[in-house]
Amino acid sequence: MTALLPQVLNLLLQFLDSFGFLILSAVGLAIIFGMMGVINLAHGEFITVGAYGTALSYHAGLPLVAAMVVGVATTTVFGLILEFTVVRRLYGRLLDSMVATWGISLIMIQGLRVVFGSSLDSIGTPLGNIQYGTFSYSTYRLLLAGASLALLGALYWMFTATEFGTRARATIQDEEMSRALGVDTNRMYLLTFGIGSALAGLTGALYAPTMTIVPGMGSTFLVEAFVTVVVGGASVLVGTTGAGVLLGAINALFSNLFGTFAGRMALLVTTILIIRILPQGITGLLNQIREEEA
Amino acid sequence: MASETTTGVERSTADAPDGPLTRVRDALEGPNTLGNSRAFWAAFVALVGFLFVYPMLRSTYYVNNTAFLLASAFLGLSLCLVWGYAGIFSFGQVAFYGVAGYTFGVVSINITGPLGTVAGLTVGVLVAAGFAFVIGYFMFYGGVSDVYVAIITLAVTLVLNTFMGQTAGEQWAVGTARLGGFNGMTEIPSLALGIGDTAIRVADVPFYYFVVGTLLVTYLGLRVLVNSDLGYVMVGIRENEERTELFGYDTRRVKLGTFTLGGALAGFGGIVYASWGNYIDPSVFGLTFAALPIIWVATGGRKWLSGAIIGTFVVTFISQKLSVFGGQFSQIILGALLLIVILGLPEGFVPQIHARLPWLLNRLPGGGDSS
Chain A
1 MTALLPQVLN
11 LLLQFLDSFG
21 FLILSAVGLA
31 IIFGMMGVIN
41 LAHGEFITVG
51 AYGTALSYHA
61 GLPLVAAMVV
71 GVATTTVFGL
81 ILEFTVVRRL
91 YGRLLDSMVA
101 TWGISLIMIQ
111 GLRVVFGSSL
121 DSIGTPLGNI
131 QYGTFSYSTY
141 RLLLAGASLA
151 LLGALYWMFT
161 ATEFGTRARA
171 TIQDEEMSRA
181 LGVDTNRMYL
191 LTFGIGSALA
201 GLTGALYAPT
211 MTIVPGMGST
221 FLVEAFVTVV
231 VGGASVLVGT
241 TGAGVLLGAI
251 NALFSNLFGT
261 FAGRMALLVT
271 TILIIRILPQ
281 GITGLLNQIR
291 EEEA
Chain B
1 MASETTTGVE
11 RSTADAPDGP
21 LTRVRDALEG
31 PNTLGNSRAF
41 WAAFVALVGF
51 LFVYPMLRST
61 YYVNNTAFLL
71 ASAFLGLSLC
81 LVWGYAGIFS
91 FGQVAFYGVA
101 GYTFGVVSIN
111 ITGPLGTVAG
121 LTVGVLVAAG
131 FAFVIGYFMF
141 YGGVSDVYVA
151 IITLAVTLVL
161 NTFMGQTAGE
171 QWAVGTARLG
181 GFNGMTEIPS
191 LALGIGDTAI
201 RVADVPFYYF
211 VVGTLLVTYL
221 GLRVLVNSDL
231 GYVMVGIREN
241 EERTELFGYD
251 TRRVKLGTFT
261 LGGALAGFGG
271 IVYASWGNYI
281 DPSVFGLTFA
291 ALPIIWVATG
301 GRKWLSGAII
311 GTFVVTFISQ
321 KLSVFGGQFS
331 QIILGALLLI
341 VILGLPEGFV
351 PQIHARLPWL
361 LNRLPGGGDS
371 S
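Read top to bottom, the protein sequences are chains A and B.
This note's numbering applies: residue 1 is where the first sequence begins, and numbers increase by one.
This note's numbering applies: residue 1 is where the second sequence begins, and numbers increase by one.
Since the hints were made in silico from the structure, they are not lab data.
Please read these numbers as outputs of a predicted model, since none were measured by experiment.
Watch out, some of these pointers could steer you wrong.
Quick partial rundown of chain A residues pointing at chain B, CB under 10 Å, derived from the structure [to be verified]:
1. Ile-104
2. Gly-281
3. Leu-285
Restraint-style ranges between C-beta atoms, simulated for each label pair [claimed, not checked]:
4. Met-177/A with Val-174/B: 56 to 66 Å
5. Ser-118/A with Asp-26/B: 51 to 61 Å
6. Gly-124/A with Ile-340/B: 52 to 62 Å
7. Ala-294/A with Glu-239/B: 27 to 37 Å
8. Ile-340/B with Val-77/A: 47 to 57 Å
9. Phe-247/B with Arg-276/A: 23 to 33 Å
By construction, the Cβ of each residue, glycine as well, lies at the ideal position given by its N, Cα and C atoms.
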């Protein structure tokens, strides 16, 4: 029993880590997709901008938390500018908006390389490790899992308890009707894109201390963000959380047994199997259950 | 949108005599391809003739490079068929391209001699087609939306990128072929056609002719396909899948078939590439390379075969020049090109030029045979 306990604890911590990574990778993408139906293929580069903003201001002498705020703010402003100049012209042209954001992503990766060189100095993971048995685990990574839960809580509050949330849900449900009732849907889209960008920036800021900061770092998050959004479906909160739990468990199990790559592979295979059964993801499953009850 | 594809051309010329040539033209021509006039075919024959004498005019270096530019068109055509005609938004054509390239490497390194390369070619195309079939089955029979198709295909590509990147060690070898991690697989033999001593090693000038010949066959074959009844169903799916389904067509089957054929075509392109450079590495599964076919086809005009070929050739040519003169800015310029095309010229430049061609020809002395 004493030998088994650390193993179980190990698996649990790995699950929390995967869960946090999946949720934080996907949440910005999921909000923009869920509300606007747009997949932002520059999502990975938004995360990169957040990490760059954080790292640059940290190296300029700001304390880490303040540097993270700067990272988030930079990404938000950046996202708002892009919405205003490019994304806005492509509403209703879903696939074109994907191609356009891909173009933006190519420009950004190379642009960051031209301006800041091939990498930035890393920040170094704060807070040390916790020990259990013969294993140790980074406290900061545990904190990230906590941050993902807090974020989901904050989003729940935002969507259910604020006026913005009500208007946002109205826009998702019936754009034309909510416009007729006086909701400025264009402004809603701008705000949504801003919030999605801010969340991507937050992800970048939070993971900046744990990663090497290079222009292409965004693609590390991309596969996880994609599979979470596909498995979750269009509903931001329930879908993404459910997908995070399911995929996090699978990823933790396979990573633990066969290594990191097998974990990633398992995510992809699970996703491809799930779309065969549930093309609308977990959101679709919930709608089905709801309809059967009604 | 729909009117663009149905106006302009009659499917058959009623008053022409019913000879074999007319029947060939009937099969090749239709509303789904640009260029259905006598003038087009005259220009086409002239272009093919020029491509055949080209190696006699330039040095082997240029011939080799032109062969590379033309070989990229297979990847462009595969995306054009899948995305442009059937409306399947695949970001993962490069996955099939790379998988076939690696398969060709593995088979042709293990089986030495011309037999190995022919086997590699066959197995490579089959593996790519099979891979496309499996992914396509789950996507189309699951009934997922366009956006998910794009995400899944891209995710598959990126996972292959990480997978191939970590195959550096000794244990990652199939027979005598080492996968080689990020450094890639080296010493892939050039294609050789035939058996034993009579085989022709397809490199340099023969390689060029091989590419021109297969591209010609592919282009004409695809023209017949997209102007056939099946091609009409594909375009129907692109324009309105639900309506096509209500007309009684099994859209899932047509999409799966198209996607599999597209996978095979991209795979053939990957094999030609691996054989051209005797080398393949995981960057073929990377985000940047995955964007290239999209840029080629979107720029040229995704809804037309000629748009895909010309777009591929022109953009690849420009990006080669850019990497010489533009250096580190070439990727930025390519990204900007994609952005400008999507915002300003969503149909691509080839149909634009084609639409203005009669006007241009009429300015020339003697007028033109406008279609």
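Cross-check of the supplied hints:
1. Ile-104: holds (7 Å)
2. Gly-281: holds (9 Å)
3. Leu-285: At about 13 Å, which exceeds the 10 Å cut-off, the nearest Cβ of chain B leaves the hint on Leu-285/A violated.
4. Met-177/A with Val-174/B: 56 to 66 Å: holds (59 Å)
5. Ser-118/A with Asp-26/B: 51 to 61 Å: holds (57 Å)
6. Gly-124/A with Ile-340/B: 52 to 62 Å: Since the Cβ atoms of Gly-124/A and Ile-340/B sit about 41 Å apart, the hinted range of 52 to 62 Å is violated.
7. Ala-294/A with Glu-239/B: 27 to 37 Å: Since Ala-294/A and Glu-239/B have Cβ atoms about 35 Å apart, the given range 27 to 37 Å holds.
8. Ile-340/B with Val-77/A: 47 to 57 Å: Violated, at about 24 Å.
9. Phe-247/B with Arg-276/A: 23 to 33 Å: holds (25 Å)
The structure shown violates the earlier hints numbered 3, 6 and 8.
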